[in-house]
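We have chain A already, so just place chains B, C and D with the ligands on it with the hints.
Those protein sequences? They're chains A, B, C and D, same order as listed.
All the letters of the first sequence, read from the start, carry residue numbers 1 to 627 under this note's numbering.
All the letters of the second sequence, read from the start, carry residue numbers 1 to 627 under this note's numbering.
All the letters of the third sequence, read from the start, carry residue numbers 1 to 349 under this note's numbering.
All the letters of the fourth sequence, read from the start, carry residue numbers 1 to 349 under this note's numbering.
Any given hint could be a false lead.
As the list claims (entries may be wrong) - In silico contact screen, one side only, chain B against chain A (beta carbon under 10 Å); selected entries:
1) Leu344
2) Ala349
3) Asp353
4) Val478
5) Leu482
6) Ile583
7) Asp586
8) Arg587
Claimed, not checked - Per the computed footprint, the stretches of chain C lying under chain A, defined by three or more beta-carbons under 8 Å from a beta-carbon of chain A, are:
9) 95-108
10) 116-127
11) 191-201
These aren't lab readings, by the way, just hints derived from the structure by calculation.
Glycine included, each C-beta is placed from N, C-alpha and C at the ideal position.
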Amino acid sequence: MKQIKGINDFVVKFANVNGTGSASANHLFAKAIFRMGIPVSPRNIFPSNIQGLPTWYEVRVSKKGYLGRRGGVDMMVCVNPQSMEKDIASVEPGGYFLYDSTKPLANHMKRDDITILGVPLTEMCMREYTVPRLQQLLKNVVYVGAMAALLDIDFRVLKDLLNDQFKGKEKLISSNVHALEMGYQFAKENFQCPLPIRLERKGGNVAPHILEKPHILMNGNTAAALGAIYGGATVAAWYPITPSTSVVDAFAKYAERMRIDAGSGKKNFAIVQAEDELAAMGMVVGASWNGARAFTATSGPGLSLMSEFLGLAYFAEVPVVLIDVQRSGPSTGMPTRSQQSDILAAAYASHGDTKQVLLFPATPRECFDMTVQAFDLAERLQTPVIMMTDLDLGMNDWMSPPLEWDDNYEMDRGKVLDAEGLDSVEKWGRYLDVDGDGICYRTLPGTHPDKGAYFTRGSSKNEMAVYSESGEDYVQNVDRLLRKFETAKSYVPKPKTHPPIKVKKPKTDLKLGALFFGTSASPAYEAVEMLAPEGYPIDTMRIRAFPFHESLDRFIHDHDMVFVIEQNRDGQMRQLIMNECEIAPDRLTSVLNYSGTPITARTIAHQIRQALKTKSAEIVPLKRETA
Amino acid sequence: MKQIKGINDFVVKFANVNGTGSASANHLFAKAIFRMGIPVSPRNIFPSNIQGLPTWYEVRVSKKGYLGRRGGVDMMVCVNPQSMEKDIASVEPGGYFLYDSTKPLANHMKRDDITILGVPLTEMCMREYTVPRLQQLLKNVVYVGAMAALLDIDFRVLKDLLNDQFKGKEKLISSNVHALEMGYQFAKENFQCPLPIRLERKGGNVAPHILEKPHILMNGNTAAALGAIYGGATVAAWYPITPSTSVVDAFAKYAERMRIDAGSGKKNFAIVQAEDELAAMGMVVGASWNGARAFTATSGPGLSLMSEFLGLAYFAEVPVVLIDVQRSGPSTGMPTRSQQSDILAAAYASHGDTKQVLLFPATPRECFDMTVQAFDLAERLQTPVIMMTDLDLGMNDWMSPPLEWDDNYEMDRGKVLDAEGLDSVEKWGRYLDVDGDGICYRTLPGTHPDKGAYFTRGSSKNEMAVYSESGEDYVQNVDRLLRKFETAKSYVPKPKTHPPIKVKKPKTDLKLGALFFGTSASPAYEAVEMLAPEGYPIDTMRIRAFPFHESLDRFIHDHDMVFVIEQNRDGQMRQLIMNECEIAPDRLTSVLNYSGTPITARTIAHQIRQALKTKSAEIVPLKRETA
Amino acid sequence: MSYIKPKFRHPRLPANRLGFTVADYDGAISTLCAGCGHDSISAAIRNACFESSIPPHRIAKVSGIGCSSKMPTYFLGKSHGFNSVHGRMPSVATGASLANRDLTYIGVSGDGDTASIGMGQFIHLIRRNVNMTYIVANNGCYGLTKGQDSATADLGSVAKGGAVNPFEGIDLASLAILQGASFVARSFSGDKGQLEPLIRAAMAHKGFAFIDVVSPCVTFNNHVGSTKSYTETREHLDAMPLDFVPMRDEITTQYAEGTTQNVTLHDGSVIHLHKADSSYRTDDRRAAMDSVQQADEDGRILTGLLFLDPDSQDLNQSLNLATRPLNELGKDELCPGSKVLKSINEGLR
Amino acid sequence: MSYIKPKFRHPRLPANRLGFTVADYDGAISTLCAGCGHDSISAAIRNACFESSIPPHRIAKVSGIGCSSKMPTYFLGKSHGFNSVHGRMPSVATGASLANRDLTYIGVSGDGDTASIGMGQFIHLIRRNVNMTYIVANNGCYGLTKGQDSATADLGSVAKGGAVNPFEGIDLASLAILQGASFVARSFSGDKGQLEPLIRAAMAHKGFAFIDVVSPCVTFNNHVGSTKSYTETREHLDAMPLDFVPMRDEITTQYAEGTTQNVTLHDGSVIHLHKADSSYRTDDRRAAMDSVQQADEDGRILTGLLFLDPDSQDLNQSLNLATRPLNELGKDELCPGSKVLKSINEGLR
Ligand SMILES: Cc1ncc(C[n+]2csc(CCOP(=O)(O)OP(=O)(O)O)c2C)c(N)n1
Ligand SMILES: Cc1ncc(C[n+]2csc(CCOP(=O)(O)OP(=O)(O)O)c2C)c(N)n1
Ligand code: SF4
Ligand code: SF4
Ligand SMILES: [Mg+2]
Ligand SMILES: [Mg+2]
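Just chain A, with the same shape it has in the complex (with noise of 0.2 Å):
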């Protein structure tokens, strides 16, 4: 049998049952290997209830930094008997299987083309301790050890993560390191240690950007909910739904640290758990029309429920904030798994004539950004901004360089008159476009005596904000509304391109391009790298933000066959920029993922492979002038 080999490049996942505190071992085990400076994802793929059921940890360790999914299990450590025979069968050949062998494998699971390694954790705990919680728990651990053995982990850095973790409990740090002994020495005397896949400390072959900075660990949530907190924002309205509750958590947790005031020991924010998604979206719309920086988070189904008054920020010029944490399907879906299929229901939230500004985070480093920058553009376009991310980012730990902030940044509020304002202009009215850029001046509540007073409304209504039900009344406002969505477009985050990737010998005359965005990007620049030696050369563009920037639409002209990597059934993004750059459709070419798991590099190779085969002998090259 020929074993898989490498070092620091392989894919390990555990198999548990949720509630059985397996989270925090793996935990444990993933944060390891990113202390020992080699760049690490993990992944939670977990069920839509709180125990009892399967639920699994995918590790990959990727020398070269890639952070998305590759595709395929090198080694999977298998504790969950309800899914084993599956897991055992996912195994790539030449890989590794792990299990308690407490009872022993079924023979018709049984393969001979991997490393079977049998490790009886149910009988080395029941054995060591009495507590059935400590049996349970411990089990853990006790694999985490045998892999520290067989993936050569540094045994300090597992030390010093429970000493982090337990900080002042003695007897948890003992008992923990214990169970990690138990493990290890299990592995040493049992298997060949290391294997042939397995790790090795920081320098060797890691990607030299990765240790340029001492990166951090981090998921997009508490990032989003970081950005929130730096932003300015002082009420967050929500309703809990999966996987958007620990934005709002995160966003708690440090506001109660960082926004108390010192005098009076009093919050400067404000928290509501709201009835329903409306009445979160409702709270924010308040708020934000009242001058103060308010945001909610939510999923699919709030979105859903949020749209009426989404039409209202929309049409009423309110700013809102709003991060969407993506998961699948229509309705409920697959509440705990990750999609990218909130694309068109955001884009166009709500009846009649709408657009809504998108921004497309790739990293909780961007999640950060983009969170407070989501506050600005609000404020300046006076409409909801809402934030696109998903499970896969948001819910787990992402490596990213560490969060920056600019000490010299100031909020940008827009134009909203204060009292001053107010007497220095000579003629204000609320939908008077001055600036000839669609975005008009508002003012806030109570700012002055006699003046800039006026009655906000979902109805239709004529430059001075007077009720009305005139034609051309109705055409002026939505088309300036149409202008300040082209003005937009100067003031959202550009797509980022990156310098080509050489081919030596192309196979095709076609100039190719991949669009991508969000957490389909790191797996897509991967696949491209894939490519690139099967003389395949193909440019990126990743996505950032909706309105789209022209360079986008110069993008897709500037090449023969342009691939949409999504994770949704529909292809909405490719929808959404056929749409709104005019574009013809056989320009655009889908590479989609929608099984709920996050997309993967060999996914995405493999969907340009085939389309290069069967379709781009139909595509006849652009004239391009060449400069």
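Coordinates of chains B, C and D with the ligands only, in the frame set by chain A:
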């Protein structure tokens, strides 16, 4: 001054104050013309309040049978000083202006390019009647009398109508007839009667297709309500909202007449005024799940609120019939004005990947037929069917060929297994695609003691309806939903084409086509007839449903330049076509009106002329195979 | 993932009047946390349906979203069920009930599902007096989203993380009484002896029957400081026991004078109420409300049948609905035909 | 279309403590039907604000959708207003109040807006005790959509078309008392003498103040058979008059012993209640509820201050909110800066 001339071919507009009884007088006017056998189409343009604001009633008389708006006003009858200045200004040169001359016309309003006809309405009524309510009400009847003289309305017809209207209330009839006569007399004595614009009883110039069958005059909402009666709807759940309210009002009226169980006097239908639109849709979902034909009617804001439930119904595959009577604008917008702007919101209602079946009726007759069909489709396809009508069609009276009913019609209840059915199938799974068309066999609660029970849910499941978070199960399921949507194409109403208009000397080599739907159709046909003699032959296709029939693709591919005529700002139907038919955007040119008042033939013709002027040069005619 | 329980039909399992054993009322194996109060409620529903000899397939189960709303999967596997959307089960139940008035409807919801997002629909469901049994598995928190306070969490109750709830909890039972519900009860998932007859009575009642069941969440709200833990609930319970005697059975038991009150339901079934406090009036809305509020003020959790109006007018009556289920009507009853349409056309000329 | 009323400032119009005349509290000309009860409420709000000398621009008006929700256009033209969406004003008001705790918030709604589509938000607004005055112009119908019954329409009330309402009406005042509202009143648009002081007291109250105002719809619900017509309301009115003495004013009037009860609000203002039935207790929730229910059963429409808890904890307190309005805080208070972020980064390694 050259006066506008025309027999059975002009536009009259009445300017009133709402809540003053003008509506029924104006209706009397239009209905009299209808009874004379002359094609007429009246339109109510009313404010969003109950009393005291300007309201208009536009009556188009068209011997050729054009029922859409033409554009322009030939004669204005103005009894509202609030709006008089704009009203008089809007009359076409050479036109006529009848006003209440009790108060003389202000100098600055006077025009000498139109014929001004003063009738001292208030004065006459003050003199004649003592009860204030009568003074106000009969003023309206007096001007109808004057119009009868001026336009040559058959006085007998007017009297008959009053007799019908006030059957049994002799006093009312005589006072109304008296008022009519008073106006008639005044006009005869003071003005040249008839005017150069006037009516002529049927025969004469009226288009023969109008005369063929005895037409009816009815609004789309009533027709839809009748469709629900004939289609076998038993549960209606709704929440009041203009302009959809009268759908359920009419349903209630007819049901009270036709759906009372003869023996018991009990009701074979249930109507529930829900607490809001979410609840209304929830009730429809519950009733349909349980095997009743159920529907709701709403407008924009309601559609937004229903989106979560629409997603559930799509994903859980529950039949739903929703009648969306579209109004203007995002948010509250202009609630009493018309638009076709919920297309995208309806087609992609809810988060996640969803596609909803839409129907686009263009006439009351079609409102009737398509409502019946909507129930068949919803049950056949096990999915929501949204009939997209609008205020113009729903609330205005349209001349229409009579409704027809085939007594051989059988409801298509779709694939529902009863007890016998369940006993006869070998293996049943709620989501097993036995027939390969994406439509599976459903069962109803209470049917069989042992078989067919399953759990309906908005979350992901396998083919046996067991909850599942497996990516394969999810993908299989949503791919099947796509397949079902493909299947839908063969069930939904096909687009209509008309034989092209022959043009003697075409001014262009391009093959021109026009696409439209719903209330844009009438004026579109008229515009096409306007443009033909100018040398522009335009083929037409009226879209009647989404998903689109393949003939739509063919139509687009067969034309070099295709106009998409619709009543919204963003060209939503054009976008939907681009998305779903993979059409290059430069093939589709938008013709838009979104002012809230229905699009006119002149607007359409004008925009097409402009586009031909500016764009046609850029277009390279397609090469076509000659058949 | 959820497993269909293998059915080992023990030949000697006792059968009910219809010949069904209790196993015929089983559902799939629960995926809730071990010890969750909701599982006890599932069992109580199953037993109640068995005892009352309702054919399983003539029951329809509806729910919203939450751990509690998953419950219908875990009982009555032979009944159709509908796990709808969060907080909007009342409307789905209303529609279902209109479509077929002949089935027995059991709605299951949570305190989040009903008292937060579902509050509006809940109140309007009561107002319409839809003929159904509505059970709230009330744990004072959002189990499925990991333990946030719900709107029924009591003022001062301490969350697992330590936060003290600053808001007054909503008492769904009082609310239901005030809003005119025709059957209002409260119980505790740990009190099978009371809960089962209550569910049977609720299903026998014609009209809306509401049962608020304290059902501790062992994972997120069963600690010291929580007012909805097993311990706290047991300590403050003030239970009014009862028996349910179905229509067909003869009343045989004798009760001591004064301690028992009998209430006859519309279908002839009888409820025996054994009341510690014999002044409690289940037939007087104002008095019942006042007693419940009083108990509340005294820190007692009053459980049992709190209010009953056996003769209220349910939605089918308010709407004067035909006695045949609407979903059974066919073309003949529904479609007026071409002649009628001709006369309608006439009227439109 | 709505016209800005020309302001003829009569030099001798009396001014309030701030020097404003009542005209400074005017809004645009009403587009409601002549005689609509809502216009009287607008006038009462205008007068109350004038009398209480609140600077117009320090008031914010919020409403939903409906004839009633249009009212804010017709008073206080110098105040910002927000005509939001149907039934969801409570959430908008909550957000607004959190953003700036220093303004006076007046919410105006209808019975459709509050008791149907808005029911859930209304109850949760009460639960949070948001510091605002919430007025429902209650006409038992949907005026703006042409007269359908609303959820407050009484059982048996006859609609204009002749249909008899088969559902029990929801009594918002009882509901508010039960749900813990800290200030609950009921009044009649035709009773200016009672309504104005009630509004003044409501605005002075710290916390959620609810006033349910019977406000006949002359166009759709003022006929014989309607229980919300002017005539019916007048005939069954059982009014408890009151005076409002603002904080600054000295109490000078003397009242006969026993007929008057004084209640002091949080800000020092005093309400004098003149009660026909001196047994009425505004300070005991259960008693108040029972009296209201009793009156209801007797077919009387009890109006006046029904319940008051002057010392309740409002949302700002529950959340321990800073005393400075949140919308005034700037970068210095809000943004922790780069150093803190560095230490956060450290913690994530
Ligand atoms: C529209 C919507 N919002 C939020 C959620 C997320 N969610 C699922 S269950 C739940 C709360 C459940 O609480 P409860 O009804 O008390 O049930 P429990 O889990 O406590 O039994 C929430 C908020 C959702 N599914 N849908
Ligand atoms: C989401 C939504 N549904 C329905 C409507 C239509 N609508 C406007 S006002 C109204 C009812 C108003 O009733 P109420 O609140 O009692 O006010 P009133 O007009 O009687 O004063 C309705 C249903 C709407 N604007 N929005
Ligand atoms: S989380 Fe709580 S409510 Fe949910 S299953 Fe577990 S114990 Fe029950
Ligand atoms: S319809 Fe009724 S509520 Fe509306 S303005 Fe007229 S009278 Fe008032
Ligand atoms: Mg709960
Ligand atoms: Mg009302």
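Structure-based check of all given hints:
1. Checking B:Leu344 against chain A by beta carbon gives a least distance of about 5 Å; that is within 10 Å, so the hint holds.
2. With its C-beta approaching chain A no nearer than about 8 Å, B:Ala349 sits inside the 10 Å limit, and its interface hint holds.
3. Residue-level restraint check for B:Asp353 holds (minimum Cβ-Cβ distance to chain A is 4 Å; threshold 10 Å).
4. Hint status for B:Val478 relative to chain A: holds, with the closest Cβ pair at about 5 Å, below 10 Å.
5. Interface restraint check for B:Leu482: the shortest CB-CB distance to chain A comes to about 7 Å, inside 10 Å, so the restraint holds.
6. The criterion of a C-beta within 10 Å of any C-beta in chain A is met by B:Ile583, whose closest approach is roughly 7 Å, and the hint holds.
7. Among the interface hints, the one on B:Asp586 holds; its C-beta lies about 7 Å from the nearest C-beta in chain A, closer than the 10 Å criterion.
8. With a least beta-carbon distance of about 9 Å to chain A, the hint placing B:Arg587 at the interface is held under the 10 Å criterion.
9. With 0 residues bearing a CB less than 8 Å from a CB of chain A, the region 95-108 of chain C misses the requirement of three and the coverage assertion fails.
10. For the region 116-127 of chain C, the stated coverage by chain A is satisfied: 3 residues place a CB nearer than 8 Å to a CB of that chain, which reaches the threshold of 3.
11. Interface restraint, the region 191-201 of chain C with chain A: violated (0 residues with C-beta to C-beta distance below 8 Å; minimum three).
When the structure is compared with the earlier hints, violations turn up for hints 9, 11 and for no others.
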